[in-house]
Each structure stands twice: as structure tokens, then as C-alpha cells.
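> If you want the building blocks of each chain, they are given just below.
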Amino acid sequence: MTDRPRRRWHIAVFLAPAVLVYTAIMIIPLFDTLRLALFNKGDDGAVFVGLRNFATLFGDPNWSRQFWNALINNCWFFVIHMLVQNPIGIALAAILSNPRLRFAGLYRTAIFVPTILSFVIVGFAWKLILSPIWGIAPNMLDAVGLKSLFSPWLGKESSALTTLALISVWQFVGIPMMLIYAALLSIPDEVLEAAECDGITGWAAFWKIKLPLILPSIGIISILTFVANFNAFDLIYAAQGTLAGPDFSSDILGTFLYRTFFGFQLQLGDPYMGSAIASAMFGVILIGVCLYLFGIQTRIRRYQF
Amino acid sequence: MSTARSHPLNTAAAHAALIIYTLIALFPVFVIVVNSFKARKAIFREPLALPDAESFSLIGYQTVMKQGDFFGYFQNSMIVTVVALFFILLFGAMAAFALAEYRFKGNTLMGLYLALGIMIPIRIGTVAILQMMVATGLVNTLWALILVYTAQGLPLAVFILSEFMRQVSDDLKNAGRIDGLSEYAIFFRLVLPLVRPAMATVAVFNMIPIWNDLWFPLILAPAEEVKTLTLGSQVFIGQFVTDWNAVLSALSLAILPVMVLYVIFSRQLIRGITSGAVK
Amino acid sequence: MNYRTFTATLLASTLLAGSAMAQDVTLTIESWRNDDLSIWQDQIIPAFEASHPGIKLNFAPSAPAEYNAVLNSKLDAGSAGDLITCRPFDASLALYDGGKLADLTDLPGMANFSDVAKSGWSTDDGSATFCVPMASVIHGFIYNKDAFAELGLQEPKTVDEFFAVLDKIKEDGTYIPMAMGTNDQWEAATMGYQNIGPNYWKGEDGRTALIKGEQKLTDADWVAPFEQLARWKGYLGEGFEAQTYPDSQNLFTLGRAAIYPAGSWEISGFNGLADFEMGAFPPPVPNEGDECYISDHVDIAIGMNKATEHPEETRTFLDWVASPEFAKLYANALPGFFPLSNEAVELDDPLAQEFVSWRDECKSTIRSTYQILSRGTPNLENETWNASAQVIKGEESPQDAAARLQQGLESWYTPGQ
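Protein chains in written order, with the working numbering: chain A, 1467 to 1771; chain B, 16 to 294; chain C, 5 to 421.
Only chain A is shown next, with the shape it has when bound in the complex:
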């Protein structure tokens, strides 16, 4: 692209509507709230306390224990998504993108269905299926002779978080699938035909030709998964309630934030500590996104078609 000396007003025109709406309705309210992290309740209204809320969050065992517990759980939640959701999504997209495949539209639509459901529905359906009382999962395992494998997964500290992560994977696998599918379809046929002339077909073509070409998209889904996981909370709310039971074993940053910020039952909402937690979350996510933007995105080789 050539830089012309004249003023390039069109850049401003292209950016203006998005920047205006976004700044007014998202950035200003969000940062107006995050600001509260530096305040606390005083005798008359909010008092500036500097970083004392953060000292409480990381120094007071009542808070820090919850924070680290949530952060570690959140990392595990993310790891499962990366290891299960994204590979499955890519594999499904790879299979679906085969132009000879019949019923591809049908499969694609069906597999995307969980993604369009609301958390209320997903939480309710899986609680029903996994319930030891109504017996859908136990009976199905029984039918294949594996009844002994069943346990009340959502109620056990050792398995609740993993179970919820897998439910979330089930719900959102459509997202990586669709993105990768779009990326795979936009690979020009000439590229594949050229490879075929060199004798590269089937799986080899996938690994050697297609995968490098869709790396930018894999980068996008990784960072989107990261951001979404570290902001997640609806599913756990719907399935386990505000206290993210059992014994906080399914508590992640989002549930911790929500509980603190808005309060619950007899616990009053605390916008000051809540904002401190939100700022800490924001920090974690920002670090991850910056690593991606400056460390990975700039290095990924892109091919223009």
C-alpha cells in the first residue's frame, strides 16, 4: 500500500462509527466502573483508598484464597477447551470441508445446534441427563455394561469443574468448527491442485498444505477461547448456583466477580472489591491478548489469495 502525502480522511471515516458507539456505550461505562477499584466505602460515599483493595484481594487470606482458587480453576477450564474443543472443532471442519461429502449441510447444522442454545437450556438439560435421580446417564451406561463408571459428577469436588468444562465444550464446539470451516473453504483450489500434482493428498494435504494456511484462524479461535473462558460464568451459574459448588470447586473468575460485585442472598454487593477483581481479571486477559497480538499474531505467516 502506498502512503500518499495528503490527509487520509477516509481512515477516520471508516473508524469513526465503530469507535464512537463502542467508546460511549462500552469503554466509558466499563472504565467508570473499574475506577471504583481504587475507592472504598467511607462515612459519606466513596473514599479514595489507592491500591488498598488490591492489597486486600491478594493479601487477606479470605480473599486471596478465593481468587487463586478461581484463577487455577479457570486455567483448567481453559486447558480443557484448548485440548478438547478446538481439536474436535478443527477435525469436524476438516471432515466437513471435503466437497464430496454428502449431507454436509445437515451435519453442520446439527453440530451447531448446541451453540445456539441459551445457558438456561444447556444447564437444565445436562443436569437432567447427568442426574443420579432421573437416571438417564446411569441407565445408558448400564446398557453398555459400564454402570460402575457412573457417579454424581456435578456433585463431586473432584469432577464438577471438568464436567462443566466438557458441557461448555459441547456447547461451543460449533464456534471453532465454523471459523475453521470458513477458513478451509477460502483456500483456493489451485493451491490444492498444485499440491496434488506433487502427490500430496488426503491427510498429508491437510497437515502440509491446509493446516499452515489456516494457522491465523487457529490463532483467532485460541485467543477467542481464552477470552471467552476467562469471562465465562453463565453456565456455572445456571448449573451450580452462585456459590459455584461443591465447596467452590467450580468457582472461576467470572463467578467470583459476579458474586462479589452484585452480592447474593445476605451478602451485599460490593462494587469496590468487585471492581478490583474485575481489574485483576482484565489484567490477566490483557496479558494473554497482548502475548497473542504482539508475540504470535505478528509472526504468523499470512498468505493472500
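Rather than coming from a laboratory, the hints here were simulated on the basis of the structure.
Don't take each hint at face value.
Unchecked claim - No farther apart than 30 Å at their CA atoms in a straight line, the calculated lysine-lysine pairs in the BS3-like style are these:
1. A:Lys1622 / C:Lys174
2. B:Lys56 / C:Lys174
3. A:Lys1613 / C:Lys172
4. B:Lys56 / C:Lys367
5. A:Lys1622 / C:Lys149
6. C:Lys310 / A:Lys1507
7. C:Lys332 / B:Lys81
8. C:Lys149 / C:Lys310
9. B:Lys81 / C:Lys310
10. A:Lys1613 / C:Lys174
11. C:Lys172 / B:Lys56
12. A:Lys1507 / C:Lys216
13. A:Lys1622 / C:Lys172
14. B:Lys81 / A:Lys1613
With the hints as your guide, set chains B and C onto chain A.
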């Protein structure tokens, strides 16, 4: 088209994998819909059985239908979703084009700035947003929701679209410039059609959280005339928590419209994907 | 001229219509009781509107889980309704202190309520009351009468009899002895700990002593309920760890479980769902002849948004809520929510009548964690949910749980301040 051959064994394996995953994906929906047509006792006795003459019952639907103006709720949800999507796609694509196409000072920073919004849960800004809507008199109007969802959807749209726009050939754009096209014409006439698959993807991704959102309708537009379908059906999900006939029926009714909507959009999506790919 | 007359007529009619509209004031009620939507729409609102022309009511509930967050956001931004349904104690006190709820101490109807009834919605020193009490809920055990008859069981009076009954049901194997799960945690605390606890800590005596700092949660009287809860485990259904609140309700109403540790609010729902006869007994006492205590918890009230544009009409409605007429209407529309007004109300529902009759035999108290003690971090109520669930599951010993609660409480609460 390429001459790619597929081995019959490979094809069978592909179908097997897809069928298994399709079953996993649809099973919970099947459980909900099937049980919504059964009498209460039958739900618990044989949760997996299809309704038969003895266990068939519409009692749940009757309970649910007595409440609320579902058609009105559906209309509100449609307006909010479609208008918000339109603004997200238009504004998002414009901003993404600016970021992907032009080198200017602070380009990466602007990209980061526009991504900040997905890093903080927007709900914590609720009070400030609500105050703004009260001040501008937009409370209990669909515009309040449209504005919030537009702002909320922009970061993701810019993020995905700019990545795809970087892949559009420079030669094509430069050829356009040599032909004397303005930058706006290059964007609207050359680039936009080429990124249609990505636009469709962004549309579908944004449609889901907008349609399913409960929080902002509850806060910004709880009045009866502007209630969205999700908010409308949520009322009796809470209300009949023990009446599983009604809960299951309400859930089934909530699934249906978004499924239809998705099928409509997904046609566009696939048409977009196939025609957009540079062949 | 013609045109002008026409315009004038149009204008006049518009103005008239406008002023006619303006005479009707519509009051919006914020509430978490979305279960009660039809009761308000079909019974309460028509009754009020019939006797108070010119005031219209709009009942606008949100789901219980979101109510506090939604209400606080709306109050802060100034878009909340005229009438606010009040949670008991600190949640509403904070709203009053924050200038969101109006002082209703001088409302004439307040004379109909005792100090205990008003305690949930008064300042700590009792000088100001800011919500009109609507109802309390009573804890106890609901049981399947048919199952008891079939197995030849009697209502247990003492803890020993209670476990003997549970043993018999378990032995027989037809029914799950008790329908409760720990997935949602709060039932363990509310229908478990707070249900059986007052008999050990002697109701109000223990509760106020705890607030004054004369007793500790590690005292024998406060550990004992946890010890009983730890014994419940063997009588709950298989996989109770993942059993949710609706699961429990359905287990009982479908006749698969014999006993349901209950709050009286279940009555109206259960009446519609169970096709067997239900009975109820109060929490069994530790020893024969002990004085019995019940949790008769102030649960729901209604107050006035200080920012309302119609304070007169709002007060008119609140005065009506304080009247015996409302008490009778509400108590019978919602069996299991017992009126708090001094006027005795006749209840039509036998099960509700059974619950309310315990007020004569036993001493009433409110839940131990609600007043003052859940103001700090860690929040005693939340911790009690967690501890009760952990104790039932056997993941934590009663002593450890009690010690943890006491330690958490001491970390921020100094009695007498």
C-alpha cells in the same frame, strides 16, 4: 473443481465420526423436546421413551401458552437482533478495513483498544449504562438494547473481520485504485464481497448471545411491550421450577425460534462462504 | 373556520383524554416472587383496585437469583418501580441507609405489627421501620402420610424417634427416607441446619447470645445440629451430592421419598403436585419433654422507593398491605406464607394450618445467621451453606465446620460494637 478422490473407507469413517458427533450434539435437545410432550409421571419413569398414547400430554404447553404474548416477544427479539447485527456488521467491517488496510500511527494500539471490550465483562458497567439510558430516555425502548448489543458485538467483529481482510489480495485493491476507484468504493465494492464468509460467521456468532441474553432486557427493557422472547420465557422457567411439564415446554418453545432463525441465517452463511471463496 | 374548529375539537379531546389518563396513577411493584405472578394478577391487584379507584398496580417480578442485582442497578440509575419488595435484614437495611427506601415508621398500618415482626426491616436500634411486613415462613418436615401408614410409622417427637423412623423406611426400601440434595447447598443450611438448630441453641436465647458474643459457634449447642446433619447422609437418595432442589421437590411429590425437610413455602406448590396425603411435624427435640423451638422466619415485606413520583398513592397501597384484609387474602392465596400482623387469620389449607399451629406449642425464632452476623467477609450465611453441605457429605467434621465458621465470624465481628 479439484480432482480430489476419496477412498470409500475414508468416506465411511468420516460419516461415522459425523454421525456420532451429531448424536452427541442433539441428544440433550431430544431429551427436552420429547419429555415436553409427556405426562409428568412418565417423564420420571422413562425419561428416554417416546411419548405413546398413554403418556402423551400437552399439559405443559397449555400452561405455558396461557402466559404472555409470545408473538410480541418474538417480534421484539427479532427487531433487536437484526438491527443490532446490521450495525455490528457495517461498523465492524468499516473499522476492520481501516485497521487491516492502512498503515497509520497507532494502528496496533487502535486494534487493541477495540478489543478491550471483550476482556471485561460488560455487565459490571451496567449501572453506568443504565444511567445513560435513563438520562437519554431510552429505558424501555428497543433502542437501548440495540445500542448495547452493537457496542458489545463490535470488538469480536473487528477482531475476526480484520484478520480475514488481511488476506484479501493487494493486487486486486491496487488494480481498483489504478482504475480510479475511491477508497470507499474499494471497500464496499471489492473487499466487502470477498469477506462475506467471515461476515456471515460474525453474524452467527453475534446473533447467539444477543438472542439469548437475559441480563440487559431485564435491566434496560423489562416493560411488557418491549420484552424479548428470552426474558418472556424466563419468567416461567423460574415460576414453574417444580412443574417440569411447563419448564420443558417453555424450553422447547425457546429452542424453536432460534433454531429457525439459525437455519435461515445458516443458508446465507453457507451461500456467503461458497460464493465468497476466491475460486 | 371549519378547519380551525376541527383542530380545536381535536386538541380539546386530546387534552381531555390526557387528563383522564393522568388521573390514574400506575404503581410498579418490584419483586423476586415470580411464582406469585398469577396470584397478584388474579386476586390481590383486583381486590385493591376495586376498593381504590384511580390507582393501578403493575406487578413486575424478576427471578430470585437476579433480583438483588437487578433491583440495586435500577435503584442506582433511578429506573426502579414505586414499590420495592424487601428481603429481610441487611439487604434492605443497606437500601434504607443508602437513601433508597423511605421511612415508613409513621404509616398508620404499622400499628398492626409486633416488634418481632418488624425486626427484619427496622434499623438495629428499632427506631425506624422501612418496609411493611408481609409474611414469615416456618420450617419443619413434610411427610407422605400414605407411606407412613403403609409402614406403620408415627410422627417422631424426639431425635431418637426420628432416626428410628428413618431406619425403618430405609430397611423397607420402598421409599427414599429423606428427599434432600447438596448440589444447591442452600437447602442443607436452610432446611437442614436452620430447621433443626433452634431446638439445640434454644431459639432466640441462643441467637441473641451469639450476637452479644456470650456464645460461640463452637459451643456444644451450636455444633449439635451439625452432628445431627452428619447422620443424615445415610438416609438421602443415591447420588444426593448432585441432587438439586427441584430434584428433591420432585422426588417427594412423585411419592418416591417419604420425608421432605421443608420450608412452609413449599405447601402451595406441593398441593398441586402430590397425589397422596401430606402431613407435617416440627423438628424433633433432643430429649423427651424438651421445650420445642421452631424457625418462624420473617421473610418478605414491601417498602416504598424514596424516589417515587407518587408517594401518596404508594403509601395508600402500603397501608392496605398492612390491613387484615390483605393478610387474609395473601395467607390464603399463598398457603405457607404466614401473615405477620397481630390479627389472627383463619387458614383454609390443612397443611398450612398444621404448620401455623406450632406457633402455639413451640417458641418461635428467626434464622441465626440473618441479623447482623452476615455483614462482613466471610459472609456467615454463605459459609453456613457451604459448611452444612460439606458436613452432610462427610467431607468435613461437625467440629471442623463449626470452628471454621467461628473463625470466619471472629475475623470481622466484635460483639457489642
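> The structure should be examined with respect to each hint, and the outcome stated for every one.
To see whether the hints hold, each was checked on the structure:
| no. | hint | in the structure |
| --- | --- | --- |
| 1 | A:Lys1622 / C:Lys174 | holds, 24 Å |
| 2 | B:Lys56 / C:Lys174 | holds, 23 Å |
| 3 | A:Lys1613 / C:Lys172 | holds, 28 Å |
| 4 | B:Lys56 / C:Lys367 | violated, 40 Å |
| 5 | A:Lys1622 / C:Lys149 | violated, 33 Å |
| 6 | C:Lys310 / A:Lys1507 | holds, 22 Å |
| 7 | C:Lys332 / B:Lys81 | holds, 27 Å |
| 8 | C:Lys149 / C:Lys310 | violated, 49 Å |
| 9 | B:Lys81 / C:Lys310 | violated, 35 Å |
| 10 | A:Lys1613 / C:Lys174 | holds, 23 Å |
| 11 | C:Lys172 / B:Lys56 | holds, 26 Å |
| 12 | A:Lys1507 / C:Lys216 | holds, 26 Å |
| 13 | A:Lys1622 / C:Lys172 | holds, 29 Å |
| 14 | B:Lys81 / A:Lys1613 | violated, 42 Å |
The structure fails hints 4, 5, 8, 9 and 14 (numbered hints given earlier, in ascending order).
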